[in-house]
Amino acid sequence: MKVLLIAINSKYIHSSLACWYLWASCRDYFESVQVAEFSINDNIDDILGNIYFKKCDVAAFPCYIWNIGHVLKIASNLKKIAPGIKIVLGGPEVSYEPESILNEYNYIDYVVSGEGEIRFRQLLQYLKDQSVKTEDIDGITYRKDGRIVSREGTGLIEDLDKIPTPYTKEMLDEVKDKIIYYESSRGCPFSCSYCMSSTFKGIRYFSIDRVKMELKILMDAGVKLVKFVDRTFNCNKKRAMEIFEFVIENSVDTCFHFEAAGDLFDDDMINLLSKAPEGIIQFEIGIQSVNQRTLKEVNRKTDIKKVFYYTKKLLDLKNIHIHLDLIAGLPYEDYESFKNSFNEVYSLRPHNLQLGFLKMLKGSGIRKNDKKHNYLYRDYPPYEVLGNNVLTFEELLKLKKIEKMVERYYNSGRFCKSLDYIIENFFNSAFEFYEKLSFFHEKEGLFRRSVSSRELYTVLLKFIDGLNIGINRDLICDLLKYDFIVSHRTGNFPEGIEKKQVSKHKERIFEFLDNDENIKKYLPEYLNVPAKKIIRDVHFEPFNFDVSGNFELKESPVIILVNYNKRNRVTELFEAKKVIL
Numbered sequence: 004m005k006v007l008l009i010a011i012n013s014k015y016i017h018s019s020l021a022c023w024y025l026w027a028s029c030r031d032y033f034e035s036v037q038v039a040e041f042s043i044n045d046n047i048d049d050i051l052g053n054i055y056f057k058k059c060d061v062a063a064f065p066c067y068i069w070n071i072g073h074v075l076k077i078a079s080n081l082k083k084i085a086p087g088i089k090i091v092l093g094g095p096e097v098s099y100e101p102e103s104i105l106n107e108y109n110y111i112d113y114v115v116s117g118e119g120e121i122r123f124r125q126l127l128q129y130l131k132d133q134s135v136k137t138e139d140i141d142g143i144t145y146r147k148d149g150r151i152v153s154r155e156g157t158g159l160i161e162d163l164d165k166i167p168t169p170y171t172k173e174m175l176d177e178v179k180d181k182i183i184y185y186e187s188s189r190g191c192p193f194s195c196s197y198c199m200s201s202t203f204k205g206i207r208y209f210s211i212d213r214v215k216m217e218l219k220i221l222m223d224a225g226v227k228l229v230k231f232v233d234r235t236f237n238c239n240k241k242r243a244m245e246i247f248e249f250v251i252e253n254s255v256d257t258c259f260h261f262e263a264a265g266d267l268f269d270d271d272m273i274n275l276l277s278k279a280p281e282g283i284i285q286f287e288i289g290i291q292s293v294n295q296r297t298l299k300e301v302n303r304k305t306d307i308k309k310v311f312y313y314t315k316k317l318l319d320l321k322n323i324h325i326h327l328d329l330i331a332g333l334p335y336e337d338y339e340s341f342k343n344s345f346n347e348v349y350s351l352r353p354h355n356l357q358l359g360f361l362k363m364l365k366g367s368g369i370r371k372n373d374k375k376h377n378y379l380y381r382d383y384p385p386y387e388v389l390g391n392n393v394l395t396f397e398e399l400l401k402l403k404k405i406e407k408m409v410e411r412y413y414n415s416g417r418f419c420k421s422l423d424y425i426i427e428n429f430f431n432s433a434f435e436f437y438e439k440l441s442f443f444h445e446k447e448g449l450f451r452r453s454v455s456s457r458e459l460y461t462v463l464l465k466f467i468d469g470l471n472i473g474i475n476r477d478l479i480c481d482l483l484k485y486d487f488i489v490s491h492r493t494g495n496f497p498e499g500i501e502k503k504q505v506s507k508h509k510e511r512i513f514e515f516l517d518n519d520e521n522i523k524k525y526l527p528e529y530l531n532v533p534a535k536k537i538i539r540d541v542h543f544e545p546f547n548f549d550v551s552g553n554f555e556l557k558e559s560p561v562i563i564l565v566n567y568n569k570r571n572r573v574t575e576l577f578e579a580k581k582v583i584l
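For our numbering, count along the sequence shown from 1 and bump the result up by 3.
Don't read these hints as lab results, they were simulated from the structure. We put the CB at the ideal spot given by N, CA and C, even for glycine. It is possible that some hints are incorrect.
[Said to hold, decoys possible] Just the calculated beta-carbon pair ranges, DEER-fashion:
no.	residue 1	residue 2	range
1	E445	M244	46 to 54 Å
2	D540	F396	48 to 56 Å
3	D271	G359	24 to 32 Å
4	L470	E100	34 to 42 Å
5	G552	S415	19 to 27 Å
6	K165	R457	51 to 59 Å
7	R242	Q357	52 to 60 Å
8	K227	F554	18 to 26 Å
9	N495	K304	48 to 56 Å
[As the list claims (entries may be wrong)] For lysine-lysine, the following DSSO-like pairs were computed, each having C-alpha atoms within a straight-line distance of at most 30 Å:
no.	residue 1	residue 2
10	K240	K204
11	K82	K147
12	K240	K342
13	K407	K227
14	K82	K365
15	K536	K523
16	K165	K215
17	K82	K165
18	K240	K131
19	K439	K509
20	K404	K179
21	K204	K172
22	K240	K278
23	K503	K375
24	K299	K404
25	K509	K557
26	K179	K299
27	K278	K569
28	K321	K407
29	K420	K342
Using the sequences plus the hints, can you model the full thing?
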């Protein structure tokens, strides 16, 4: 019996942890179990053809809000061209209403609900030789004698170490150049009503020895990014500290991404994390809202003051990338309340601020009680909110446009100096700036077409020019120019940003690079390298204002040296220093 585990990922760079867990759990029991990974950006006919030519007997798909549409189309056509194939669905998008899936889609043969490592293997044993009876398999839904049978069972695997490791040579040969997902635990100690983790109580752990062994495998394989899927990684301090310490001591180039609760950090953790090499640790911290009534309503137990205190401490370390989350559409969070949440969180200056929108997920508490707050939401994946009794659809549309501005400008990391200066000096709040910038983009038709990273500088300058609020345009141009040269390897500036002409600039650059003392001080890695070779990897740019200090206008040019061979692993910006030519 040939079994094909089919992942339809949201992006090519992603890998499917679910498929590889199932593969590891089944490969010793069946002669042929394979994983095939695709993305929602692949052509559906190409995916279908690839699956068809593998001539499998069982096709199994993990289902999520981002891929369920693709899965159903592929499965439907697969059944038509290969009617003998048994099609099995699993994952959160089908686990909560399995009967309705079989009722609506007659080409689906089985739904496996909940954790599938044991259940799916038992189902395959039934399909192969009926050594297991369907009546003995918990958590599966199927047809029998013209009716749908659903075997209840939310039983969880208590000893997670009994699950075979998916991190084998076979897996890494297939996906090591992609993002690798990793879990050191399952479940969550909290019960936020908008989250799927709230449907399962408690938390279970893989043994610390197994975790260290698997992480070492990933590091030794040269994996670039490992994303922990643990819902609240730092809920167990001792365990989290031990894993942090292991990563800090052993990682060379592998970066580790953790989802963490900001109020569960403490000084011991901060002291340990301060020792981490630059850029090997990332934290995603879900603040979601600062409205206490909102947080209480969604069962989110958060000490906001503590969250802000320790998030600021993490940012001050400057060696860790911090990603903060907000959710629009939560109960009691109207437009003004969200504006306040946005401004409070923005004031922390995280490296990335994600403005997300509430999704009414199947099985979640907030969906079960949607009438309480008069929720309107899309009845198809991803079930995104359309409004509630305090936030209108029109206001959500405004927030959507503001989110695009934050993504294009702030989250790009390419406008650090210019954004900070403009917002702090000429706007009442960050929210007001992004709101007005979104109005400008709408007026100029910029939401209806793609805008290159280069053009964004010109657009921002045009926006500022149209405000008539007394901004020194020459200073803004210098700040935009600085932001451009530390994020782009070129001296060819965007339209509207002019290059300052300085007498004998090239001659002075070569004199600078021929001076050993200058090289020792500013470019020590180029000692004894000829100037004509160094010049390929550096850039000297003159400015009217002291962009590296207090932004004062200077009589003589301020020269900034950019080293294109040195990039900050947290901000991804090139190293820049003020020099004298």
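To see whether the hints hold, each was checked on the structure:
1. With their beta carbons about 48 Å apart, E445 and M244 fall inside the hinted range of 46 to 54 Å.
2. A C-beta distance of roughly 51 Å is found between D540 and F396, which places it inside the suggested range of 48 to 56 Å.
3. At about 31 Å, the CB distance of D271 to G359 agrees with the hint of 24 to 32 Å.
4. A hinted range of 34 to 42 Å is violated for the C-beta pair L470 and E100, which are about 51 Å apart.
5. Restraint check, G552 to S415: a C-beta distance of roughly 24 Å satisfies the suggested window 19 to 27 Å.
6. Our hint of 51 to 59 Å for K165 and R457 holds, since their Cβ atoms are close to 53 Å apart.
7. In this structure the supplied range 52 to 60 Å is violated for R242 paired with Q357, their Cβ-Cβ distance being about 26 Å.
8. Checked against the given bound of 18 to 26 Å, the beta carbons of K227 and F554, roughly 37 Å apart, lie outside it.
9. Judged by the Cβ atoms, the range 48 to 56 Å given for N495 and K304 holds: they are separated by roughly 52 Å.
10. Using a Cα cut-off of 30 Å, the hinted pair K240 and K204 holds, with the two alpha carbons roughly 19 Å apart.
11. For the hint pairing K82 with K147, the CA-to-CA distance comes to about 19 Å; that is within 30 Å, so the pair holds.
12. Using a Cα cut-off of 30 Å, the hinted pair K240 and K342 is violated, with the two alpha carbons roughly 33 Å apart.
13. With a C-alpha separation of about 28 Å, the suggested pair K407 and K227 falls inside the 30 Å cut-off, and the hint holds.
14. The suggested pairing of K82 with K365 holds, with an alpha-carbon distance near 26 Å, which does not exceed 30 Å.
15. Proximity of K536 to K523 is assessed by CA-CA distance (about 16 Å); at most 30 Å being required, the pair is judged to hold.
16. With a CA separation close to 16 Å, the supplied pair K165 and K215 stays within the 30 Å bound.
17. A hinted pair counts as satisfied when its Cα atoms are at most 30 Å apart, and K82 with K165 does not qualify at roughly 34 Å.
18. At roughly 45 Å between alpha-carbon atoms, K240 and K131 are farther apart than 30 Å, so this suggested pair is violated.
19. A C-alpha spacing of about 41 Å is found between K439 and K509, which places the hinted pair above 30 Å, so the restraint is violated.
20. Pair hint K404 plus K179 does not hold up; C-alpha atoms about 36 Å apart against a cutoff of 30 Å.
21. Proposed proximity of K204 and K172 is contradicted: the alpha carbons are some 34 Å apart, above 30 Å.
22. A hinted pair counts as satisfied when its Cα atoms are at most 30 Å apart, and K240 with K278 qualifies at roughly 17 Å.
23. Only pairs whose Cα atoms come within 30 Å are accepted, and K503 paired with K375 is rejected, the gap being roughly 61 Å.
24. This hinted pair checks out: K299 and K404 have alpha carbons roughly 28 Å apart, not beyond 30 Å.
25. Proposed proximity of K509 and K557 is supported: the alpha carbons are some 21 Å apart, at most 30 Å.
26. Distance hint between K179 and K299 is unfulfilled; the C-alpha atoms sit about 41 Å from each other, more than 30 Å.
27. Straight-line distance between C-alpha atoms of K278 and K569 comes to about 20 Å, which keeps the hinted pair within the 30 Å bound.
28. Under the criterion of a C-alpha separation no larger than 30 Å, the hint pairing K321 with K407 is consistent with the structure, at around 26 Å.
29. Taken as a hint, the K420 and K342 pair is honoured in the structure, with Cα atoms around 23 Å apart against an allowance of 30 Å.
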